[in-house]
Structures are given as structure tokens and as C-alpha cells.
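**Student:** Once you've looked at the hints, dock chains B, C and D against the given chain A.
4 protein chains.
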Amino acid sequence: MAEESDELVPKQYKIFILDVDGVMTDGGFYYSSKGKVLKRFGPDDADALGLIHKIIDIRFVSADKKGFAISKRRISKDMGYALDLVSANQRLGWITNQYELSEVIYMGDSFRDIEILKAVGLGITPGSASQKVKVQSDYTTDRDGGHGAVADACFYIAEIFGVNI
Amino acid sequence: MAEESDELVPKQYKIFILDVDGVMTDGGFYYSSKGKVLKRFGPDDADALGLIHKIIDIRFVSADKKGFAISKRRISKDMGYALDLVSANQRLGWITNQYELSEVIYMGDSFRDIEILKAVGLGITPGSASQKVKVQSDYTTDRDGGHGAVADACFYIAEIFGVNI
Amino acid sequence: MAEESDELVPKQYKIFILDVDGVMTDGGFYYSSKGKVLKRFGPDDADALGLIHKIIDIRFVSADKKGFAISKRRISKDMGYALDLVSANQRLGWITNQYELSEVIYMGDSFRDIEILKAVGLGITPGSASQKVKVQSDYTTDRDGGHGAVADACFYIAEIFGVNI
Amino acid sequence: MAEESDELVPKQYKIFILDVDGVMTDGGFYYSSKGKVLKRFGPDDADALGLIHKIIDIRFVSADKKGFAISKRRISKDMGYALDLVSANQRLGWITNQYELSEVIYMGDSFRDIEILKAVGLGITPGSASQKVKVQSDYTTDRDGGHGAVADACFYIAEIFGVNI
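Chains as they are written, first to last, in my numbering: chain A, 1 to 165; chain B, 1001 to 1165; chain C, 2001 to 2165; chain D, 3001 to 3165.
Bound-form chain A, shown alone:
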């Protein structure tokens, strides 16, 4: 979360890290008797990420072990982005080990993300996050997770960078 005294200095942001479930999806897990078999990804997000990845690096994290093959298929194979399996407990450490927190834009929707949203340079939540998560973020998108929230975040980031998409 940006300190109130911060100014938005685009060049400070070097990486956009996104959670998958609840951000790229509406958080739903479709189960058969054989387990987690489907996730629903939304409109506009892939297109909008494709436009901003020229101005900022993009990568994804997920804590969902049982659905990881599904997320991997969408995020890495079909969209071409790195996706790492990082538990909620270890996530802030995993980010801190690799980046200056002030350089990081993070988008998450879970109460497990609050600590990260507060620590990073810019914390973004989808409109579908619960109130207790939203109040800890710098920006909440109009649209919900799995319904264009990531596209809205991309439009916002492009605006910060002064890029017209």
C-alpha cells in the first residue's frame, strides 16, 4: 500500500505480480466426484495484459496445489506468463527475496493477501474482494475477478505510466 505521502512515480514499478484464483477467475472451483476439474477465466484480461507487458514485467503466483495444472494451462501454456506455486504463508517472503517491495504492484483478493497488499508499492484488489481486503489496497477495480478485474487493473497501470492503450 502506498504511503499517503508517496507520489506516483511510474518508473518505481518494475513488476506486476498477480494471484490467480479470485483475480483471473471468480474464485470458483468446479468439482466432479474426481476432484477439482474446471476453473472459469474471464474476458478482456488476456488482451489487456498483452498490451501492458511491454511497459512492466508480469508474473503470477498461486497457492492452489490441487488446481495448479488448470491454472498452469491457462496462465503459462495459453497466455505465456510465468506462474509459481507459493503458499499464502510464504508469499511475502518470496516476493521480498526477489524484489524491492516499492517496485512491486500486487493484485490479490483474499484475506490472506492483506499483509502483501499493505507492504508493496501498489496494492490492487478486484471489485469482488471482501470489504476487509479492499480497505487495505490502493486501488479497487470496477469489475469483479474473472469478469474483467485484471483488464481494469491494466488500464489503471497504463494510466500511471502515461501510456495510451
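What the hints contain is simulated information worked out from the structure, not anything from laboratory work. On a predicted model such as this, the values are computed, not experimentally measured, just so you know.
Residues from chain A that face chain D, not an exhaustive set, calculated with beta carbons under 10 Å:
| hint | residue |
| --- | --- |
| 1 | 38 |
| 2 | 43 |
| 3 | 68 |
| 4 | 69 |
| 5 | 70 |
| 6 | 72 |
| 7 | 147 |
| 8 | 148 |
| 9 | 151 |
In silico SDA-like links for lysine to any residue, alpha-carbon gap of 25 Å or less:
| hint | chain 1 | residue 1 | chain 2 | residue 2 |
| --- | --- | --- | --- | --- |
| 10 | D | 3132 | A | 156 |
| 11 | A | 14 | A | 134 |
| 12 | B | 1118 | C | 2164 |
| 13 | A | 14 | A | 47 |
| 14 | B | 1132 | C | 2155 |
Backbone N, C-alpha and C fix where the C-beta goes; we use that ideal spot for every residue, glycine too.
**Tutor:** Structure of chains B, C and D alone, referenced to chain A:
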């Protein structure tokens, strides 16, 4: 349902019993020509239950025979909680035989749950329940079934117990 | 649609005919590359129909040929009601050939149902129907198709019959 | 987008071109670990298109390569309309090469459609499009993509043509 004269005495609650369909899901059954093949489970619920199961026992009931293998897969195999098949007619008796009603927190969304919601120590309904069910409960969550209702219920229970999660 | 001068005389209603798609479902068809493979049925509806079928006969119609095996599986095999394949064009005639229109309660959501909703004794639409259909019905349910609309209709019918469910 | 000085002269419109994802669907892609396996199509749309195709030609375009077999199955095999795979970048050129822009009614929901919505005779967006897309269209439907938006567009077009459906 708590009598108006009741005070919230956390220690009185020993067990949190949850219905599955409409509570952990949005109540939808996905059918192919071969029958009920999918249910959709929601975000945050498993994480939030994982945090309160240290302070209160948790178990699930379902009346859905044809979809029981799907519920079992999610609730028992993947999340690790007990799940029993108990019809709507027999449910209140099944609870009474095992627990003091005042010790029970029950979460359900159906008009078949009204009798139970009124009888237990604390009755909770998801935001998606119909009005006639909501008015019989002590607490209605902000979010809908399958969309974080159970997580909201867990936050509420943690608050009653004075636990910070 | 009931004439304004009508009184609600419960015994006049002998049959409750329901459309399937958009009424028992939210109208969605889930397609794979092999065709229509899934429909989503909602909460409470089967339970509520189970309670009123003692006071009024219940049957279903559908115009969806390609998804008929799915509807048949849910409505007839799992719920036990008659389901006939009747096109929109032929539906009013099909009803008239078998029933006095004043004895019929019909529930539908499509603009193709308008003619029927106006002709029968009592026309019901789910909350999710479009405005042009709703204004032609006698009663619109609070909840949407596939989200409890049929249960709401059953509660309404039970009330007309003076039955407490 | 129609110039403000334009009058609605029905005969000027010769072709209704529709995007598929987000228009005929809610934009969601259902993924298994094997890839994009399902899309959800909505109510009323096929019926309403069936009524206006006598007064205007109808065809579909999609930029979704990986889900094209699914769209093809619904749009071409089951509904009987032409569907072409045309990327967002090439779409306006593809339209211009075949039609007078003033003769075209185009319905799309993506920010990639803005250029087209502004260029054609009549631009339509579903209620679920983001605000930045809606403001560039001539008409926004009440209902959302995959939830009757195309049916609403058809009612609107029928009205322009003075046809009663």
C-alpha cells in the same frame, strides 16, 4: 436462533455444523445427460475454516444423495472435514441426539433449514438465502453461498471468540 | 393472465406447467466442441415442488431439442416429473388441447411465452425474465431462474391454496 | 457510431455482425488441465436472431483461436450462421473490405472493439461491457452478454425496421 435475552458467551458454542449446497456452493447443480456431474465451490471458505477449526469443531451435513460423491470429494477428501448424509426431515433429530442445541452453530440456506436455525444456539444464513429463511437466523453474511459466505461466517465466529484472524 | 375482475379461487387451478430453460435453469447452455453438454439447475426448486405436488399436478415442457436429454435426466429421471418436447409455436395449442386455460398455472421466461402467459389462468415469470415478458405475467418471483425462482413460485401457489409449507 | 445528425433509415443497414465471446457468452472460458473446454451461451438469443434474420443478414466473428471449435459448434452447426476467425487488429479492415461501414450494425463488448463501434453505422454493446466501451456505442442493451444481450439487440433492431416480433 438466540433468544433476545441471551448474551453471546463464546464458550457455549462447541460445534459448527454447515450444510453444503447453497452454503459452500451457490446451490447450483451442473447436469449432463448422465446426471449431476459438477458443483461449484467458492473462494476463501477453505482458508477461513482452516483458521477457526482450532477454536471450534467443524462438520458438514448434506441431503443431496445424487451429488454426495462430489460433496464428499471436496469437503472430506480435499478439505478434511467429516460430512454426513442426513435428510432435511431427520436433520434436527440427528443434531439433537448428539449435541446440546445451545452449543451448536448451524449454517444453512434452505427453507428446510428454518426449524434448525430457530432451534440452535446460533443460526447463520448466507446472503443468498431467501428472505423467509434469513429472518429466522441470527446472522446473515454479506457474501453469497459459494462466493465467500462461509468465510464471512468464520470471521464472525472468530470475532465472537475474540480471536484475531 | 388473470382478468382484473377475477378472484383467486384456488380450486380453479388444476395443473402447474413449467418451462425448463430460464426457469429451472438460468437459461445458460454450456458448450464444448461436441455441443451442448451441461445445464445448471438451481437450489430449493426440487424441494419446493415436492411440497406442492400434493395440491396440484405438475408437468414440464421444453422446446430445446439438442439439450433435451439433459433436461430429461434432471426433470424426469432425478425429479420424477413428466417432461414433453413442445416447440414454442405449438405450445399454446398443445395446452389448449388438454386443459381449460383457466385451470392452468404456467411459468415461463421467454418472449415466446408471452402469448401463453396472457392466456392461462395464472402466468408466472422468474425475476430474470426481460421486462417485456414480466409485464404480461400475473406474478414475477423475487429470485431468478436457476436461483430459486421455481421455489418462490411454489411458495406463492401454496399461499393461494392456503397451504402452509 | 451514428453521427448525431444521422436519421435512422432502416434500409441503410444490410448486415448485423456480432462478436461471440462476451456477446453471445458472458466472456468466460472454462478451463480444465487440458485447456479451454467449455463456453456458456445464454437464453433468448438464438430465438431472437431467428426472428430478425429475415430482415437483415447475420454473421459472426471471433478472435478466439483456442476456443474456435466451441464457438463454431454453437454458432455454425447448431444455429446455422457463418462464423469467421478474425483477429482484433484485422477486424475493421476485414469489415471495410466487404461492406459499406454505414450499412453495418456491429455488436461487441471488448476495448478492442471501440474502433469498430465508432466506425460502423450502428454500434451496439451488451450491458456487461466496461464503461469505456459503452460510451463509444450507439446503443447498450439492458441485459448482459450471455444473459439475453443479443436478444435485446434484436428487439432494438426490429424496432428500427418497424417490425413487430
